Amino acid sequence: MRNYLLRRVLQMVVLLVFVTGLIYFVLNLFPGGPFDFLAFSSDPRDADPMAIQRLEALLGIDKPWYERYFTWFLGVLHGDFGTSWVMAVGIPVGDLLGQRIGNTLTLSITATVISLTIGLAIGIWSAVKQYSLSDNIATAFSFAGQSMPTFWLGLMLIIVFAVRLKWLPAGDIYTPGKADDVGDRVIHLILPVAVLSLIQIALWSRFVRSSMLEVLRQDFLRTARAKGVAERLVLGKHALRNALIPVITIVGLDIPNIFSGAVVTESIFNWPGMGKLYLDSVLRHDIPVSMGVLAVIAFLVIASNLLADVLYAVVDPRIRYD
Amino acid sequence: MATADALPIGRAAEIIESAEIGQWGAVWRRLRRHRFAVLGAVVLGLFTAIAVLAPVIAPAGYDEQDLLRRYLTPSAQNLLGTDDLGRDVLTRLLYGARISLTVAFTATLVATIAGAALGAVAGYLGGWTEVVLMRLADIMLSLPQLPILIILSAALGPSLQTIVVVLVVFGWMGVARLTHGSVLALRHREFTEAARALGGGAVHNIVRHMLPNALAPIIVAATLGLGNRVILEATLSFLGLGINPPTPSWGNMLQNAQGYIWSEPWLAVYPGACIFLTVLAVNFLGDGLRDALDPRLKI
Numbered sequence: 001m002r003n004y005l006l007r008r009v010l011q012m013v014v015l016l017v018f019v020t021g022l023i024y025f026v027l028n029l030f031p032g033g034p035f036d037f038l039a040f041s042s043d044p045r046d047a048d049p050m051a052i053q054r055l056e057a058l059l060g061i062d063k064p065w066y067e068r069y070f071t072w073f074l075g076v077l078h079g080d081f082g083t084s085w086v087m088a089v090g091i092p093v094g095d096l097l098g099q100r101i102g103n104t105l106t107l108s109i110t111a112t113v114i115s116l117t118i119g120l121a122i123g124i125w126s127a128v129k130q131y132s133l134s135d136n137i138a139t140a141f142s143f144a145g146q147s148m149p150t151f152w153l154g155l156m157l158i159i160v161f162a163v164r165l166k167w168l169p170a171g172d173i174y175t176p177g178k179a180d181d182v183g184d185r186v187i188h189l190i191l192p193v194a195v196l197s198l199i200q201i202a203l204w205s206r207f208v209r210s211s212m213l214e215v216l217r218q219d220f221l222r223t224a225r226a227k228g229v230a231e232r233l234v235l236g237k238h239a240l241r242n243a244l245i246p247v248i249t250i251v252g253l254d255i256p257n258i259f260s261g262a263v264v265t266e267s268i269f270n271w272p273g274m275g276k277l278y279l280d281s282v283l284r285h286d287i288p289v290s291m292g293v294l295a296v297i298a299f300l301v302i303a304s305n306l307l308a309d310v311l312y313a314v315v316d317p318r319i320r321y322d
Numbered sequence: 001m002a003t004a005d006a007l008p009i010g011r012a013a014e015i016i017e018s019a020e021i022g023q024w025g026a027v028w029r030r031l032r033r034h035r036f037a038v039l040g041a042v043v044l045g046l047f048t049a050i051a052v053l054a055p056v057i058a059p060a061g062y063d064e065q066d067l068l069r070r071y072l073t074p075s076a077q078n079l080l081g082t083d084d085l086g087r088d089v090l091t092r093l094l095y096g097a098r099i100s101l102t103v104a105f106t107a108t109l110v111a112t113i114a115g116a117a118l119g120a121v122a123g124y125l126g127g128w129t130e131v132v133l134m135r136l137a138d139i140m141l142s143l144p145q146l147p148i149l150i151i152l153s154a155a156l157g158p159s160l161q162t163i164v165v166v167l168v169v170f171g172w173m174g175v176a177r178l179t180h181g182s183v184l185a186l187r188h189r190e191f192t193e194a195a196r197a198l199g200g201g202a203v204h205n206i207v208r209h210m211l212p213n214a215l216a217p218i219i220v221a222a223t224l225g226l227g228n229r230v231i232l233e234a235t236l237s238f239l240g241l242g243i244n245p246p247t248p249s250w251g252n253m254l255q256n257a258q259g260y261i262w263s264e265p266w267l268a269v270y271p272g273a274c275i276f277l278t279v280l281a282v283n284f285l286g287d288g289l290r291d292a293l294d295p296r297l298k299i
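Residue numbers (our numbering), protein chains in the order written: chain A, 1 to 322; chain B, 1 to 299.
Possibly wrong hints are sitting among the right ones.
Said to hold, decoys possible - Label pairs and their in silico Cβ distance ranges:
id, chain 1, residue 1, chain 2, residue 2, range
1, A, 11, B, 70, 50 to 60 Å
2, A, 303, B, 207, 35 to 45 Å
3, A, 187, B, 36, 35 to 45 Å
To be verified - Which bits of chain B does chain A cover? Going by a derived footprint, with three or more residues having C-beta under 8 Å, they are:
id, region
4, 145 to 155
5, 236 to 242
6, 250 to 261
7, 273 to 281
None of these hints come from the bench; they were simulated from the model. Bear in mind that the values here come from a model prediction, so they are computed numbers and not experimental data. Positions of the beta carbon are idealized from the N, C-alpha and C atoms, including for glycine.
Model the full structure from these sequences, guided by the hints.
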């Protein structure tokens, strides 16, 4: 086990280096730099190409991309993600990330917990009552959810619950002036969490259903029933425990989806999280900020994959790690 | 549970039947029995026809403005009303289908061919080729898809070409993995050995003996990928990183509608409904194809 863990963590580090390197390379494709606007300045002293070159040398962005990547990576190891070029000039990217990451985690963890709970419930129910009316409704719901673009679902919920019914706020994280009101924050959380959860429930309930169906067919369940174990225990203990093993993997693999969803959801609901920070930084070519967000997301994604794999090995004694 | 030596009569009849009508005939028969798949195929066909015929059937030009006739409710002249610039919403939806489906179909076709080719080559040749290609696929699959597509589109400059390129570059890995897996299972089978012994070269063996046997999962993955790409194109366009206005795409129509959500909320309903229906149709078709091609498939 220790060797397995060690090897997986090492793999993760190598993967992170590759992935961030790839992203750094892609960002290098952006035309222009942070001082491009100077070329259009009315002051001839600003537009001097020599001055721009000097400024770029000062930031170190006149060097080839792999050299800059190396510098950036060393910085990140010390917790330094560089400074913003456009959105908050001179502010460390690490500070920007720190302000936003809490909001994103609130959103995505709430959504994950809710999706898991409801997805498990629907999936188990559908499997036990296969081909019943409720199973068919769940199937229809799942197909609909998987075919639904996140942003449209968000817009429709805003139209129904904010524009028409006026029950819920259309966006933001709290009503201005009510920053410390927990109830107010919860109300603002409802719609974005609903958008993220509905789509995730559609996927996970389907997966739990098929995983559960597979287990329900096994002989050991018949044995348990033959021994006289109560049906509730047969399903809840013998079946569910085994059905959950593959679910761990799929949840781990789906964490990136939740972050992808957060980019869209945050921008629709004007939610000041990393997703919105990312989109704004991309649209305004604030490359250090984009790079910082992507690095954090890549880290979270790779770490959650690793966690899922390790959990899988811990939960399922049939898996051998060598 | 039926065992191999005791086939149920229906299944045995099916096998005899498929011997007469051929493999694809049998697939077609099974697909036809899947009602939702047929419905999906019909709806997808309908949207494709609309996309192709848009210039013929559209009542107006897609960027024909009439600032005196803005925000009109549905009428005989504008069946779905007009938008903020007085453009006919129905016309823009029809042209939007053209863009959305062109992007999704092109990207899916190229990504699937590239993925199948790379996966087959990796599986057939093995060695370093396999290690490099499959590790690359793993790395790219471990990246969060949407954020990467966003940054690539922005870096290359949003346009129709960019979005297709980006969807292809980050869309080949799934099919490559599937093909790789199938080819690995086929590589050491007797018929492959035979083909090699008879002097068949790598290209011949891959095209003639590997790919036909790996086709079923590829077709299903491509179909489901098509729906996914309709959503991705719409999402990128919605975020302002896909198709640029005034060319209408369902995604950028929604982006535009978002600005009028308080005053003209119905503008946001139609384009999204089109995306939803198209993707739902594709997913039904994909589900039916999976059952029809090979009921054992699990993708």
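These are the hints, each one checked on the structure:
1. Here the CB-CB span from residue 11(A) to residue 70(B) is close to 58 Å, well matched to the stated 50 to 60 Å.
2. The hint said 35 to 45 Å for the Cβ distance between residue 303(A) and residue 207(B), and at roughly 41 Å that hint holds.
3. Range check, residue 187(A) to residue 36(B): Cβ separation about 38 Å, and the 35 to 45 Å hint holds.
4. Counting residues of the region 145 to 155 of chain B whose beta carbon lies closer than 8 Å to any beta carbon of chain A gives 9, which reaches the threshold of three, so the coverage claim holds.
5. As drawn, the region 236 to 242 of chain B meets chain A at 4 residues by the rule of a beta-carbon pair under 8 Å; at three or more, the given contact holds.
6. Under the rule that three or more residues need a Cβ within less than 8 Å of chain A, the assignment of the region 250 to 261 of chain B holds, with 4 such residues.
7. Check result for the region 273 to 281 of chain B against chain A: holds, 4 residues qualifying (beta carbon to beta carbon below 8 Å, three or more required).
Hint compliance for this structure: no hint is broken.
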